[in-house]
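There are 2 protein chains.
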Amino acid sequence: MEKARVAQTHTFIQKLLDEKNYKELKAYLSGLYPVDIAEVFDELDEDECIIIFRLLNKDQAAEVFSYLNAQRQKEIVSSIHESLLHYILNDLYFDDKIDFLEEMPANFIKKLLASAPHEERRLINQFLNYQDNSAGSLMTIEYVDLKKHITAGQALERIKRTGVDKETIYTCYVLDEKRKLLGTVSLRKLVLANGHELIDDIMQTEPVKVGTADDQELVADLFKKYDLMALPVVDGEDRLIGIITIDDIMDVIEQENTEDFQKMAAMQPSDESYVETGVLTLARKRIVWLLILMVSATFTGEIITRYEALLSSAVLLMAFIPMLMDSGGNAGSQSATLIIRGIALGEIALKDWPVVLWKEFRVSLLVGAALATANFLRMLLLTGTATGVMITVSITLVLTIVAAKIVGSILPIAAKALRLDPAIMAGPLITTIVDALSLIIYFTIAGVLLF
Amino acid sequence: MEKARVAQTHTFIQKLLDEKNYKELKAYLSGLYPVDIAEVFDELDEDECIIIFRLLNKDQAAEVFSYLNAQRQKEIVSSIHESLLHYILNDLYFDDKIDFLEEMPANFIKKLLASAPHEERRLINQFLNYQDNSAGSLMTIEYVDLKKHITAGQALERIKRTGVDKETIYTCYVLDEKRKLLGTVSLRKLVLANGHELIDDIMQTEPVKVGTADDQELVADLFKKYDLMALPVVDGEDRLIGIITIDDIMDVIEQENTEDFQKMAAMQPSDESYVETGVLTLARKRIVWLLILMVSATFTGEIITRYEALLSSAVLLMAFIPMLMDSGGNAGSQSATLIIRGIALGEIALKDWPVVLWKEFRVSLLVGAALATANFLRMLLLTGTATGVMITVSITLVLTIVAAKIVGSILPIAAKALRLDPAIMAGPLITTIVDALSLIIYFTIAGVLLF
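These protein sequence lines are chains A and B, in that order.
Read in my numbering, the first sequence has 545 at position 270, and its numbers run on one by one without any break.
Read in my numbering, the second sequence has 355 at position 80, and its numbers run on one by one without any break.
Hints may be right or wrong, so weigh each one.
Just so you know, same-sequence chains aren't split out, so a pair can sit in one copy or run between any two.
Simulated pairs of lysine-lysine, DSS-like, Cα-Cα distance not exceeding 27 Å [as the list claims (entries may be wrong)]:
| # | residue 1 | residue 2 |
| --- | --- | --- |
| 1 | Lys435 | Lys423 |
| 2 | Lys349 | Lys500 |
| 3 | Lys333 | Lys499 |
| 4 | Lys301 | Lys500 |
| 5 | Lys349 | Lys626 |
| 6 | Lys464 | Lys423 |
| 7 | Lys349 | Lys295 |
| 8 | Lys290 | Lys500 |
| 9 | Lys500 | Lys538 |
| 10 | Lys435 | Lys333 |
| 11 | Lys301 | Lys484 |
| 12 | Lys500 | Lys333 |
| 13 | Lys422 | Lys464 |
| 14 | Lys464 | Lys301 |
| 15 | Lys464 | Lys333 |
| 16 | Lys538 | Lys560 |
| 17 | Lys626 | Lys691 |
| 18 | Lys441 | Lys499 |
| 19 | Lys441 | Lys500 |
| 20 | Lys453 | Lys691 |
| 21 | Lys290 | Lys626 |
| 22 | Lys349 | Lys499 |
Hints are computed from structural coordinates only; laboratory data are not their basis.
Bound conformation, chain A alone:
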């Protein structure tokens, strides 16, 4: 439905572009959501984008601009008049402006800062320096500040006067003369309050807050836990520096999840989108773990070499190795994934390890027995495998599944205990470890039962 609507919008815009019917195009554009226009930009070529951009009214232009990717932003900046550029940059919220400037070449920033007022220049430089993924890098400065001794009615008047340029007016910040954060008050409270009530009496004191250097993952956790709309960021002396709004947090949550997906598939995390990332960068992010895992897998090969004599006298044993290794790896990945996710969502804590271990042990017995039974029946009915081999394979399968699930559930918790990221203890690494374990179990049992 959504997709169809965007496609329709695109088709109609394309038609008007082709007909050079700019008057109707301008009218049509003015009725669209900025984010929908930005999405159509992905489908158009550079010249078409610039035509459309010039047809937007100024306020729409700034918002559309904030949704574009860095490449399109650069194209537009280099082709619009300087006065329009200044208008747009002034109209952007501060966090979007910083995001844009971060992608621009140094000399562009220098030129832009040269003409900016002193205070703005200082702020831009300060904000450009916040670490990626820190609370500071998510902040904006367009918030409503109030004094505690005014009334709710006066506060509403102030919001009416100054609110139009603020990113949010739904949470207001109560500051003292030194800009120290005393509390927050929601617009909801202000509207519902009696107009004579003092801010001091209705504000939430000791609000949840973070420092500029705090990690964005902590920020996202606080938003989720306290159902926040916005979160104040303070410096060491508790002075308000900026606020973080919930729209940016939705992106942070997806970004943190993407990083976990990447780490769990043995890649170094990246926050660039796949389509925009170059081949060399993609290769570089993947090679390190592949190398580590390849070298580890050679040890598994050496186990085979050690049992060469046994194998050459019963080559049939070979045929079951992929099934045993794969089943072990898959069973281990399942456990590791559940535990890593449980830790990430705060559902599983370090102290829960005995609970987890005992649960996984019972699950692995059930699953292992089921797999071994299915496989035993398959061998019995469909192949002429010798009884000794069938028993060896079945016992190995159960023990491998048990070992895999224990390794898969304990390693992420151990990583957490060692203050490593549990996400690295996922499928690929678990598989490599379980491969070796399963072969040792297999050959040991075969040695006892068959020779």
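For chain A, the structure is supplied; the task is to place chain B on it using the hints.
Just chain B, lined up with the frame of chain A:
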């Protein structure tokens, strides 16, 4: 920091409980966030929870109650006075009430409904029937509705009068006499507008909206795309039935991500937390895919059987099989994960498949060459492997990585084209396919070069 604070809160509450100092405990509790109190409940036993619950003031009690897990909710319901229960249920937002009722036994609901007014009984029954994971199951009914011919000032008066019971007042819904949704207007617009402006003139017409049966994933996507705070849900005749608020969407996003993690690790998805899920359920969610993959892996074993003669004349070849299979599986998982995630976030579309294929092909050549070189040097310097074998292994490694990355990137896109969930084409399945491919490549090359 967060964790330490909860632990501290818990310690202090426990101390006051042990001292039976209920007066101070009551005062202390009144200053805490409800969600923090609910978190401490996880650490206390049933009797202690009930004592604390009774010490809460009534409004806090309802909010704490909404944060508790189903088990604790049941314990509390069975131990508090019926009048308090009714007070709490009345104070809960409708979506929280439905979530609670869904977990309660049928006779409890029946008893409760018996004493409820007719209209509420009808609504509860209607809401209990919405499909899990549908927009309907996320709705609440406490919204502000406005008529289009009133002024902004009158609207603010209405909000002042009725807003205290609404889940959000930040987006208001403009309805006609038949409750058809004409538009939305934000509290921001109402506050900033001139008091005499008509709602009709300032409302957003054609607002983004969904139907009750729409999937929660679509709902979450709309929230992310349009930076919404709330989303209206309408019936077939465009009449407003309820609204969805952003706090519930944060949970939906995490839940959808969890499901993807589970599917990608070859499990059937579950939205229950690990700790609360029983061993049998856990085993059941895992066994299906393990069985499918185990049977598939037997085919890989049969490839080995077919080349038994070749293998027994060069048992050394065996030693490289785990390394080749693992590296291929890992390389394929990397590609599959990136593509699945890209599709989920809307960054990669069906039509992008040639771009993806070409990119993965180049990445795989780079990565394959790097791995083969590293492995060749290792063999050359550390082992006395024959040159023919070294060459066979190196060529196989490059070709396996290329095949793995192509399979890993194309299968998720193919799944999408077939309207299957791309997430099932992840690590485990890719590994099984790539295992077979790598062995066929290996034995073919060995047959040509070595015999």
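Status of the hints after comparison with the structure:
{"no.": "1", "hint": "Lys435 / Lys423", "in the structure": "both (18 Å within a copy, 22 Å between copies)"}
{"no.": "2", "hint": "Lys349 / Lys500", "in the structure": "between (38 Å within a copy, 22 Å between copies)"}
{"no.": "3", "hint": "Lys333 / Lys499", "in the structure": "between (35 Å within a copy, 24 Å between copies)"}
{"no.": "4", "hint": "Lys301 / Lys500", "in the structure": "between (44 Å within a copy, 23 Å between copies)"}
{"no.": "5", "hint": "Lys349 / Lys626", "in the structure": "between (51 Å within a copy, 26 Å between copies)"}
{"no.": "6", "hint": "Lys464 / Lys423", "in the structure": "both (14 Å within a copy, 25 Å between copies)"}
{"no.": "7", "hint": "Lys349 / Lys295", "in the structure": "within (25 Å within a copy, 66 Å between copies)"}
{"no.": "8", "hint": "Lys290 / Lys500", "in the structure": "between (47 Å within a copy, 25 Å between copies)"}
{"no.": "9", "hint": "Lys500 / Lys538", "in the structure": "both (25 Å within a copy, 26 Å between copies)"}
{"no.": "10", "hint": "Lys435 / Lys333", "in the structure": "within (22 Å within a copy, 35 Å between copies)"}
{"no.": "11", "hint": "Lys301 / Lys484", "in the structure": "between (44 Å within a copy, 25 Å between copies)"}
{"no.": "12", "hint": "Lys500 / Lys333", "in the structure": "between (38 Å within a copy, 21 Å between copies)"}
{"no.": "13", "hint": "Lys422 / Lys464", "in the structure": "both (15 Å within a copy, 23 Å between copies)"}
{"no.": "14", "hint": "Lys464 / Lys301", "in the structure": "between (41 Å within a copy, 25 Å between copies)"}
{"no.": "15", "hint": "Lys464 / Lys333", "in the structure": "between (34 Å within a copy, 19 Å between copies)"}
{"no.": "16", "hint": "Lys538 / Lys560", "in the structure": "both (10 Å within a copy, 24 Å between copies)"}
{"no.": "17", "hint": "Lys626 / Lys691", "in the structure": "within (11 Å within a copy, 41 Å between copies)"}
{"no.": "18", "hint": "Lys441 / Lys499", "in the structure": "both (23 Å within a copy, 20 Å between copies)"}
{"no.": "19", "hint": "Lys441 / Lys500", "in the structure": "both (25 Å within a copy, 20 Å between copies)"}
{"no.": "20", "hint": "Lys453 / Lys691", "in the structure": "neither (40 Å within a copy, 56 Å between copies)"}
{"no.": "21", "hint": "Lys290 / Lys626", "in the structure": "between (63 Å within a copy, 21 Å between copies)"}
{"no.": "22", "hint": "Lys349 / Lys499", "in the structure": "between (35 Å within a copy, 24 Å between copies)"}
Violation of the numbered hints given earlier is confined to hint 20; every other hint is satisfied by the structure.
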